[in-house]
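Protein chains: 2
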Amino acid sequence: MIVKAIERVGDKIRLLDQTRLPSEEIYRDYDDYKEVIEAIKRLEVRGAPAIGISAAYALALAVGQTGDTSRANIVKLAEEIKAARPTAVNLSWAIDRILEKVNKSFSGKPEDILQLIWSEAAAIHEEDRLMCRRIGEFGADLFKSGDSILTHCNTGALATGGIGTALGVIYTCHQQGKNIHVYADETRPLLQGARLTAWELKKAGIRVTLLTDNMAGMLMRQGKISQVIVGADRITKNGDTANKIGTYSVAVLAKVHGIPFYVAAPMSTFDRTTETGDEIEIEQRSPAEVTRLFGTPIAPEGIEVFSPAFDVTPDELITAFITDEGIKPGGRKE
Amino acid sequence: MIVKAIERVGDKIRLLDQTRLPSEEIYRDYDDYKEVIEAIKRLEVRGAPAIGISAAYALALAVGQTGDTSRANIVKLAEEIKAARPTAVNLSWAIDRILEKVNKSFSGKPEDILQLIWSEAAAIHEEDRLMCRRIGEFGADLFKSGDSILTHCNTGALATGGIGTALGVIYTCHQQGKNIHVYADETRPLLQGARLTAWELKKAGIRVTLLTDNMAGMLMRQGKISQVIVGADRITKNGDTANKIGTYSVAVLAKVHGIPFYVAAPMSTFDRTTETGDEIEIEQRSPAEVTRLFGTPIAPEGIEVFSPAFDVTPDELITAFITDEGIKPGGRKE
Numbered sequence: 001m002i003v004k005a006i007e008r009v010g011d012k013i014r015l016l017d018q019t020r021l022p023s024e025e026i027y028r029d030y031d032d033y034k035e036v037i038e039a040i041k042r043l044e045v046r047g048a049p050a051i052g053i054s055a056a057y058a059l060a061l062a063v064g065q066t067g068d069t070s071r072a073n074i075v076k077l078a079e080e081i082k083a084a085r086p087t088a089v090n091l092s093w094a095i096d097r098i099l100e101k102v103n104k105s106f107s108g109k110p111e112d113i114l115q116l117i118w119s120e121a122a123a124i125h126e127e128d129r130l131m132c133r134r135i136g137e138f139g140a141d142l143f144k145s146g147d148s149i150l151t152h153c154n155t156g157a158l159a160t161g162g163i164g165t166a167l168g169v170i171y172t173c174h175q176q177g178k179n180i181h182v183y184a185d186e187t188r189p190l191l192q193g194a195r196l197t198a199w200e201l202k203k204a205g206i207r208v209t210l211l212t213d214n215m216a217g218m219l220m221r222q223g224k225i226s227q228v229i230v231g232a233d234r235i236t237k238n239g240d241t242a243n244k245i246g247t248y249s250v251a252v253l254a255k256v257h258g259i260p261f262y263v264a265a266p267m268s269t270f271d272r273t274t275e276t277g278d279e280i281e282i283e284q285r286s287p288a289e290v291t292r293l294f295g296t297p298i299a300p301e302g303i304e305v306f307s308p309a310f311d312v313t314p315d316e317l318i319t320a321f322i323t324d325e326g327i328k329p330g331g332r333k334e
Numbered sequence: 335m336i337v338k339a340i341e342r343v344g345d346k347i348r349l350l351d352q353t354r355l356p357s358e359e360i361y362r363d364y365d366d367y368k369e370v371i372e373a374i375k376r377l378e379v380r381g382a383p384a385i386g387i388s389a390a391y392a393l394a395l396a397v398g399q400t401g402d403t404s405r406a407n408i409v410k411l412a413e414e415i416k417a418a419r420p421t422a423v424n425l426s427w428a429i430d431r432i433l434e435k436v437n438k439s440f441s442g443k444p445e446d447i448l449q450l451i452w453s454e455a456a457a458i459h460e461e462d463r464l465m466c467r468r469i470g471e472f473g474a475d476l477f478k479s480g481d482s483i484l485t486h487c488n489t490g491a492l493a494t495g496g497i498g499t500a501l502g503v504i505y506t507c508h509q510q511g512k513n514i515h516v517y518a519d520e521t522r523p524l525l526q527g528a529r530l531t532a533w534e535l536k537k538a539g540i541r542v543t544l545l546t547d548n549m550a551g552m553l554m555r556q557g558k559i560s561q562v563i564v565g566a567d568r569i570t571k572n573g574d575t576a577n578k579i580g581t582y583s584v585a586v587l588a589k590v591h592g593i594p595f596y597v598a599a600p601m602s603t604f605d606r607t608t609e610t611g612d613e614i615e616i617e618q619r620s621p622a623e624v625t626r627l628f629g630t631p632i633a634p635e636g637i638e639v640f641s642p643a644f645d646v647t648p649d650e651l652i653t654a655f656i657t658d659e660g661i662k663p664g665g666r667k668e
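Residue numbers (the numbering used here), protein chains in the order written: chain P, 1 to 334; chain R, 335 to 668.
Just chain P, with the same shape it has in the complex (with noise of 0.2 Å):
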């Protein structure tokens, strides 16, 4: 079974909570905005495409709460829930497509205004859906039985609307029946792979293996590795690839023992203002995630500490992107 992280239920919004996995499975319906902008805070939805669609949900809830349907009310409501996370760029797309949506139909009547923002979540729900689902079905063409898929970081249901990207192409091998075994990178510093990634796939019946993140280059050293699937944050025009830190690495690994490397990504992710992955600048987080887990010191109290968010795989070590509009070729040669 592959879980759901977002899912509408008659007029209530139930969330995963992901900060307890994976201990606990534990889902909660919500019917106040207010409380689904505290989910947001908290981590509870994660990934881009779900927190913009949970945030798109909460608007719709938030303007039934209030019964307001004045254009003054649904854009102060709309710019609460925008400041839930304000860097989130999915978040704000979902809430002024939904306004834009608004503003196109103002003639309305309040009852079919209401209609309207819950028709355009939902629709942002259901297109990432199926972009899901068609980045998986060209991806898996890639892909037989017998193979042994590498992936770094957390890109599946609980990340999207849908089954994934990068784990969407795996989940769809898995339900064209073809035995694939997929091993899973720890991901640190947050630990996306162990916590959520080994978590979903085993849920949904597919054989996973868990290993820590240096562990990557002796697995393909003994052949164990027939490819790689990553997602990305951002593709520049060259095809530079921004993406979890760790995934340069991988695919520097990648090439040398040459397996191929697959980024998994929207064509939404593609970004045509930027020339190339120099140009992308990349922020520090925050030194107690390297230096502290779960709220044990591991290592001396202010200790200096590199801790990129992302790093940029250049397109000369890609094999090819797999989006929802067909596979298109990168730069590696082999």
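Calculated directly from the structure, the hints in this document are not laboratory data.
Virtual Cβ for every residue (Gly too), placed ideally from N, Cα, C.
Heads up, a few of these hints could be off.
What the hints assert, rightly or not - Going by beta-carbon spacing under 10 Å, a handful of chain P positions derived as facing chain R:
(1) Ala184
(2) Thr212
(3) Ala251
(4) Phe306
Unchecked claim - In silico lysine to aspartate or glutamate, DMTMM-like type, Cα no more than 20 Å apart, as pairs:
(5) Lys558(R) to Glu304(P)
(6) Lys4(P) to Asp17(P)
(7) Lys558(R) to Asp278(P)
(8) Lys328(P) to Glu275(P)
(9) Lys203(P) to Glu638(R)
(10) Lys224(P) to Asp612(R)
(11) Lys558(R) to Glu279(P)
(12) Lys224(P) to Glu613(R)
(13) Lys109(P) to Glu80(P)
(14) Lys203(P) to Glu635(R)
(15) Lys558(R) to Glu281(P)
(16) Lys224(P) to Glu638(R)
(17) Lys224(P) to Glu615(R)
(18) Lys224(P) to Glu635(R)
(19) Lys537(R) to Glu279(P)
(20) Lys76(P) to Asp96(P)
Got chain P; can you put chain R on it based on the hints?
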């Protein structure tokens, strides 16, 4: 100040409790050999050379405590100490070396025999100290002020009877007044880099920056690493080197980025009975080392885990070996 993991203080043995690092720096003086055995079992002292030295001192304490210098008693105590960590090669080696010395001089008076055991234990400690010193001095010639050196795991004062092997080179550079900056891989799963290497270098006043293992590639690509230096568990006849898991990935990344990769180890680490790394059997560690952190589960219950204790870096990725007899070229051709 370079920390001392083991020190003889009169007729007592002072050990730094490494299980409490990096939060607490606790030294304990032992005059009861059974407590030293417990300290070895509980990993208060770790690192192959440090375990051997502690065991040697424990035998001296034991013979003194029991007041019985008969061959039968010494052999019995030796077996008891060896059982503390049956797979620790340095432990058996140190104990057997003392037994051999005792056997050759068995006509001595009881107090002479006890004295002999203390002397031999001190000699083992002193030889290790000098060995570290020599590695440090040979190695330091390869580094200059301004270098930024990446290391993996812990191979320093906490693991040996002296200043360490790879870290011994770094300490020697520092003592020579070279301004160096160390980047320390945290070294999953047991986090020796975060808990131990970062701690001992910081204490010695050497600039150290901690990173998760998967960040090393990006650092290299950014031009921030000038050399890599690591230790070794075993080096086969052709130069293939078994060392802490993750070393191989670092070696591949170093080669791809044109960064020298050095292995620092005493000549005793060179195993003349093994032709190549392919002959080395790699055991798997307990899955719990990967799936739990300080008791907290970070992965789903019962998940399959790949957790090799070490990996093998082929000679062709090694620029040079830094030994206590000088620098020996590795097989890497730029």
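Tell me if the straight-line CA distance from Lys224(P) to Glu638(R) falls inside 20 Å.
holds (15 Å)
Does Ala251(P) pass the interface hint, meaning its C-beta sits closer than 10 Å to a C-beta of chain R?
Status holds, d = 8 Å.
Agreement of Lys109(P) and Glu80(P) with the hint, judged by alpha carbon distance not exceeding 20 Å
violated (24 Å)
Check the hint pairing Lys76(P) with Asp96(P) against an upper bound of 20 Å on the C-alpha distance.
Distance of about 12 Å is within 20 Å: holds.
Tell me if the straight-line CA distance from Lys4(P) to Asp17(P) falls inside 20 Å.
holds (11 Å)
Hint consistency between Lys224(P) and Asp612(R) [alpha-carbon to alpha-carbon, up to 20 Å]
The given pair, whose Cα atoms are some 16 Å apart, holds under the 20 Å limit.
Sort out whether Glu281(P) lies within 20 Å of Lys558(R), counting only the CA atoms.
holds (17 Å)
Given Ala184(P) was flagged as interface, is its beta-carbon under 10 Å from a beta-carbon of chain R?
Ala184(P) check passes; min Cβ-Cβ to chain R is 9 Å, inside 10 Å.
Are the Cα positions of Lys224(P) and Glu613(R) separated by 20 Å at most?
Cα-Cα ~18 Å, so holds.
Is it true that the CA of Lys203(P) sits at most 20 Å from the CA of Glu638(R)?
holds (13 Å)
Does Glu279(P) sit within 20 Å of Lys558(R), going by the straight-line distance between their CA atoms?
holds (18 Å)
Is Lys537(R) close enough to Glu279(P), meaning Cα to Cα at most 20 Å?
The given pair, whose Cα atoms are some 38 Å apart, is violated under the 20 Å limit.
When the structure is compared with the earlier hints, violations turn up for hints 13, 18, 19 and for no others.
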